[in-house]
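What follows is the residue order along each chain.
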Amino acid sequence: MKLDFPNVGETIHHVVLDNGLTVYLLKKAGYEKTYATFTTKYGSIDRRFKTDDWIEVPDGIAHFLEHKMFEKEDGDVFQKFGQLGASANAFTSFTRTAYLFGATSNVEANLKTLIDFVQDPYFTEASVEKEKGIIGQEIQMYQDNAGWRLYFGLIEAMYEAHPVKIDIAGTIESISAITAADLYACHQAFYHPSNMTLFVVGNIDPDIVLEQISSNQAAKTFEPPVLTEREHVQEPRTVRLATRVIEMDVSVPKVMIGYKDTPRAGEDGMKQELAVELLMHALFDTTAPLYAELYAEGLIDDAFSFDYTSEESFAFAVLSMETPHVDAFVARITEVLERPLDIGNETLDRKKRMMKGQFLKALNSPEFIANQFSRYALTGGNMFDLPELLDAVTLEELYDTYDRLFKPDQRTVCVVKKP
Amino acid sequence: MKGIEQFRNQLHYSVYPTDKFKTTTCLVSFAAPLSAETIADRALLPYVMEKATAAYPSIELFHTPLEQLYDASLFAGASKVGKEHVIQFQLEVVNDRLVGEPVLSQAIKLLEEVLLRPNVYDGAFQPLIVEQESRLQRQRIESVYDDKMRFAQQRLQELLGGELAIPSLGTLEQLDQVTPRSLYEAYTSMIKHDRIDVYVVGDVTRDQVTEAFLPLETLGSPLVREYPEPVDREFQRLEEQQDVKQSKLHLAYEANIDPRSEDAIKMQVVNGLFGGFPHSKLFMNVREKESLAYYAASQYSSLSRMLFVYAGIDALNQVKTEQIIADQLADLQAGEFDDMTLEQTKEMLFHQRRQLGDSPRQLIAWMSGSDIRPFSLEEEMAILARTTREDVAALSSQIKLKAIYCLKGGTA
Chain V
1 MKLDFPNVGE TIHHVVLDNG LTVYLLKKAG YEKTYATFTT KYGSIDRRFK TDDWIEVPDG
61 IAHFLEHKMF EKEDGDVFQK FGQLGASANA FTSFTRTAYL FGATSNVEAN LKTLIDFVQD
121 PYFTEASVEK EKGIIGQEIQ MYQDNAGWRL YFGLIEAMYE AHPVKIDIAG TIESISAITA
181 ADLYACHQAF YHPSNMTLFV VGNIDPDIVL EQISSNQAAK TFEPPVLTER EHVQEPRTVR
241 LATRVIEMDV SVPKVMIGYK DTPRAGEDGM KQELAVELLM HALFDTTAPL YAELYAEGLI
301 DDAFSFDYTS EESFAFAVLS METPHVDAFV ARITEVLERP LDIGNETLDR KKRMMKGQFL
361 KALNSPEFIA NQFSRYALTG GNMFDLPELL DAVTLEELYD TYDRLFKPDQ RTVCVVKKP
Chain E
1 MKGIEQFRNQ LHYSVYPTDK FKTTTCLVSF AAPLSAETIA DRALLPYVME KATAAYPSIE
61 LFHTPLEQLY DASLFAGASK VGKEHVIQFQ LEVVNDRLVG EPVLSQAIKL LEEVLLRPNV
121 YDGAFQPLIV EQESRLQRQR IESVYDDKMR FAQQRLQELL GGELAIPSLG TLEQLDQVTP
181 RSLYEAYTSM IKHDRIDVYV VGDVTRDQVT EAFLPLETLG SPLVREYPEP VDREFQRLEE
241 QQDVKQSKLH LAYEANIDPR SEDAIKMQVV NGLFGGFPHS KLFMNVREKE SLAYYAASQY
301 SSLSRMLFVY AGIDALNQVK TEQIIADQLA DLQAGEFDDM TLEQTKEMLF HQRRQLGDSP
361 RQLIAWMSGS DIRPFSLEEE MAILARTTRE DVAALSSQIK LKAIYCLKGG TA
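Quick mapping for you: the protein sequence lines, in order, are chains V and E.
Counting from 1, one number per residue, gives the positions in the first sequence under this note's numbering.
Counting from 1, one number per residue, gives the positions in the second sequence under this note's numbering.
If you are wondering where the hints come from, they were derived from the structure by calculation, not from laboratory data.
Just so you know, not all the hints are guaranteed correct.
Said to hold, decoys possible - Partial selection, computed: residues in chain V whose CB lies under 8 Å from chain E:
1. Ile134
2. Gln137
3. Ala146
4. Arg149
5. Thr179
6. Thr286
7. Leu290
8. Ala303
9. Ser305
10. Phe306
11. Arg339
As the list claims (entries may be wrong) - Lysine-lysine pairs mimicking BS3-like chemistry, simulated, CA-CA at most 27 Å apart:
12. V:Lys130 - E:Lys289
13. V:Lys417 - V:Lys2
14. V:Lys72 - E:Lys289
For every residue, glycine included, the Cβ atom is placed at its ideal position computed from N, Cα and C.
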């Protein structure tokens, strides 16, 4: 199926193969590089799931599995991509694991390598043991990173039960329990084609690439999917802890203020995400009255940022800042967010233009297109609908969003500072 | 890269007209000789300039029209480039045809407000903005301490001395001397004496660019680029202790190779084999084979004639890691690596060059770098292609270890 999006100047080809694999192809004329992502809807939050029975796996296993996928009986897949002139990578988030490459030559061979290595697990107890040393170093490295500790400290304090509160990489203790059998079980449950999306973007002929992918998949046999259910954890609307302090040797204290939101899926999720983002831009951009006030008071500067995370089963907004005056900063922000909202249509329209511009600019990047399109697609949305959905947001929705999101009992403040 | 047009009026222009992007990107760069005397003022200046102008005298007033122009983004920053200090203003604007409005010309006018009519009164920048931006700059300088990789690299470069030792934001003591008035003097000097280069990538023609930047034509002066000379250094070692979980081992090698020579291009093959890629010797041996580190890599800086190696390790493994790093270099010097690895390294370097054309920012970075190197992209690819095992052995034999810095964690 071919879908045209003339307002963003892109056309996308979308096919679901017989084995359930979803394929998206996008031609970028004039580009040198072809970029492909092979994404499974499987991340760090999937720690309890049902196949024949309920299975509980060690924390950090999705990330561990991502690392181990690259090692095969005949060597390291990174090297194979390298020999084909491609740079390969992978990442694990709360909800997804993605494998990817970018190549300016040998696209067909690289694409075959990508599909085949992700669908062909090979784990031994010895190689699993060895990986524990490498991932152990990675975990240590993040333990020294104040920004990382702050972010995960905040989420851990916000959530009562939802597994988003667990560090994506797990802990040295949790990964020590991982076995080759665990990895096979997770691969079988979550790497079935019907749980995955393949996105190829670049100066490609979509028909030829589709033919290559279809015949590759037709030549393989897959068992029927075994995953029947994922654990759904009941999470209260309110946060677990209102404040948390992490002591670390940092020169300037860092603070994050988190607001827990009610998640929405699919197109509703996209609409909610846009409304929250428009609202946060209106409230916290450098052009907002609040910013000017706090700037004059020396409480806000370029170190300030904000972000909204929205997935099917969790959503939260984060404001972050580095300042010696953490208490004053938090007091001023929270005080302003308890006042009634005062935003007019002029601001809303300007913010819509701004976000539309940001979206169009991001489309220069094949990496952005593939990663973000896959993210929306895995929860039933279409990224190229964003400009239209953006236009449709009303002032009333911003007022509703404000009342829903910025409640004091949905707020956690997390600080990293010297003991 | 084919299609780049370079020409000179008073300013020097590099323009790459293309309609494959959604945006047009412009970069105006001001270069002056690097000096510890002026670096604190020059490092702060772009942050102050981008905040407001005479006609739009607050952040709120200046950023509102930028948002209105579909988020025309203006980034200003400063950096050390060899013996020069460079201040850059980058403007990225959505193409007019995508939004049906003439946003580019309006955005360039705003950029010109920043450069020509800053928020200056009676020979000084606005004190409130200078005060706030100085405070933030102080935090930036202090926060190097929090980023242990950057901290260790800075300490290593201090051991090496010369231009490398000058901190890119200046020191806290130098920052204390910066005033609204001294910043204005730095601004005046910048627009009078700096070499000015203009880079544009996007849906434009040469004539449009010349016309749009006409108001800047009276600025700047021709400044001949200077290159760092080889330095005589003694080997130095420094170890320090902090409460960190992972130790940082940083090494500096001297590579006395003219940055404008073919050998400087071939050195990228040496660096690629040593620690530049996931198939490199450092990655394969320090990380994969011995599981000693999460990262172990090398980086070649042709302009400063140095090659740096860094690894994140457990303090207990320092001696062993240093030995393995030395063994990898000895292997390169002896030409001990297989043909496939050499070919793979070249293939990755080709790939890096081919993909430049897909990103406006990378294209501009390439264009500004190619002012230093005398080769076209195609010529560089040809030099890489004819780099032999013997070249790698000969070049890596010129590399001399000059400094080791280790930031040690608590476990040792």
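Checked hints:
1. Ile134: 6 Å, holds
2. Gln137: 4 Å, holds
3. Ala146: 5 Å, holds
4. Arg149: 11 Å, violated
5. Thr179: 18 Å, violated
6. Thr286: 5 Å, holds
7. Leu290: 10 Å, violated
8. Ala303: 7 Å, holds
9. Ser305: Given a least distance of 13 Å, the restraint on V:Ser305 is violated.
10. Phe306: For V:Phe306, the interface hint is violated, since the closest Cβ of chain E sits about 15 Å away, which is over 8 Å.
11. Arg339: 19 Å, violated
12. V:Lys130 - E:Lys289: Holds, because 9 Å separates the two Cα atoms, which is no more than 27 Å.
13. V:Lys417 - V:Lys2: 53 Å, violated
14. V:Lys72 - E:Lys289: 15 Å, holds
When each numbered hint is compared with the structure, violations occur for hints 4, 5, 7, 9, 10, 11, 13.
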